[in-house]
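Trainee: Residues per chain, in single letters:
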Amino acid sequence: MKKYILTSILAALLTLGGLSVPALAGPEDVVVENAWSRASIGVNRPGAAYMTIRNTGDEPVTLIGLTTPLAMMPEIHETKTNAEGVSSMSPAGKIAIAPGESVALEPGGLHAMLMRLQEPMTEGETFPLTLLFDDGGEVTVEVTILGISARGPED
Amino acid sequence: MRRRAILGYGAAGVGVVALMLFAGWWQVDGPGGPEPIGQRPVALTAMDFRLTDHEGNAVGPETLIGRPTMAFFGFTYCPDVCPTTLSDISGWLDDLGDEADEMNVVFITVDPERDTVETMAEYVGYFHPAIRGWTGPEEQIARVADGFHATYERVPTESGDYTMNHSASVFLFAASGRFVTMIDYHEPREFAVPKIRRALEEEMEGAT
Ligand SMILES: [Cu+2]
Chain A
1 MKKYILTSIL
11 AALLTLGGLS
21 VPALAGPEDV
31 VVENAWSRAS
41 IGVNRPGAAY
51 MTIRNTGDEP
61 VTLIGLTTPL
71 AMMPEIHETK
81 TNAEGVSSMS
91 PAGKIAIAPG
101 ESVALEPGGL
111 HAMLMRLQEP
121 MTEGETFPLT
131 LLFDDGGEVT
141 VEVTILGISA
151 RGPED
Chain B
1 MRRRAILGYG
11 AAGVGVVALM
21 LFAGWWQVDG
31 PGGPEPIGQR
41 PVALTAMDFR
51 LTDHEGNAVG
61 PETLIGRPTM
71 AFFGFTYCPD
81 VCPTTLSDIS
91 GWLDDLGDEA
101 DEMNVVFITV
111 DPERDTVETM
121 AEYVGYFHPA
131 IRGWTGPEEQ
141 IARVADGFHA
151 TYERVPTESG
161 DYTMNHSASV
171 FLFAASGRFV
181 TMIDYHEPRE
191 FAVPKIRRAL
201 EEEMEGAT
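Chains as they are written, first to last, in UniProt numbering: chain A, 1 to 155; chain B, 1 to 208.
This is chain A alone, in the form it adopts within the complex:
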């Protein structure tokens, strides 16, 4: 556990330096890259955060939840668009990532849904988001807040 916490702090420090610096997760070798979100208008609307979660280790990892001081109810959601072009969104449940595989949280697909915001998401600021894994491991990343009309981490 101690190793997780230490590496999480290191990851947070590294991520503050720039979007492309990977957050190293420690024992499980979970690497989170390009964590970004859009600014919010006030606190009434839910926010969404996006990132790539890479399992560089030899064991499968399973993402089971999220915590952040920014939102009282953060959840992994998935947006789906059916054959009629109708989009809907629902909790994604647990997400298993095989060794060497990665999962992309990106617009129109999986995303970290940030419900019940405690404060507005302001462009240029960051917030910590902790990913919870089924073995008790945790990875905290600093998510960069871009403009409302941002299209991706490169914007």
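Keep in mind that a hint or two might mislead.
As the list claims (entries may be wrong) - Examples of chain B residues lying across from chain A (beta carbon under 8 Å, computed):
{"hint": "1", "residue": "79"}
{"hint": "2", "residue": "122"}
{"hint": "3", "residue": "162"}
{"hint": "4", "residue": "166"}
To be verified - What the simulated footprint calls covered on chain A by chain B, stretch by stretch (three residues with Cβ under 8 Å from a Cβ of chain B suffice, anywhere in the stretch; the number is not a length):
{"hint": "5", "region": "55-63"}
{"hint": "6", "region": "102-116"}
As the list claims (entries may be wrong) - Here chain A is said to cover these stretches of chain B; the calculated rule only asks that three of the stretch's residues, wherever they fall, bring their Cβ under 8 Å from a Cβ of chain A:
{"hint": "7", "region": "47-60"}
{"hint": "8", "region": "83-91"}
In case anyone wonders, no lab produced these hints; they're calculated from the structure. Note that the Cβ used here is the ideal one computed from N, Cα and C, for glycine as well.
Mind docking chain B with the ligand on chain A? Use the hints.
Mentor: Chain B with the ligand only, in chain A's frame:
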């Protein structure tokens, strides 16, 4: 993909039941009424609805006739698909440059309860200046969606409020009001922009 494979036959059974429920809902209460699913929008000239734009102006289908139109449905409380679509559209408009000045670009809310005129004004202000926000009474929103053969549905969330499922495609109409084509959600820019140009060109043909 993998998950879909794992779900297998069990999901097929659930799917049949869900489809029957959906079909029942559709025929009785659905915004598409008795029409078959996935039909194309009618011409703007055949539509009839009264809405208000984000500056408080009364608008209707006739507001759009005379210029090519790009329209889509959404709601400002949408955390994912709608801001992404608005960003995509802003990018397409940037690509089109001056040509975009020839177009109507309209974002129609499916959540009039929360998306008042003021809310729409604040929200569209964050995106490309060409984008107009339209809202109105629920029954008028239902009429627009009917004309577009678009669907939307209010879905309660665990947190006690609600979200909206809605058609995520962008609809393109010629200056005459004739429906040209649609751009699917997340269609790459290299396909989307030529489609918009096609709608713009139909205007030229109509004029000559
Ligand atoms: Cu939406």
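Trainee: Looking back at the hints listed earlier, which ones does the structure fail to meet?
Mentor: 3, 5 and 7
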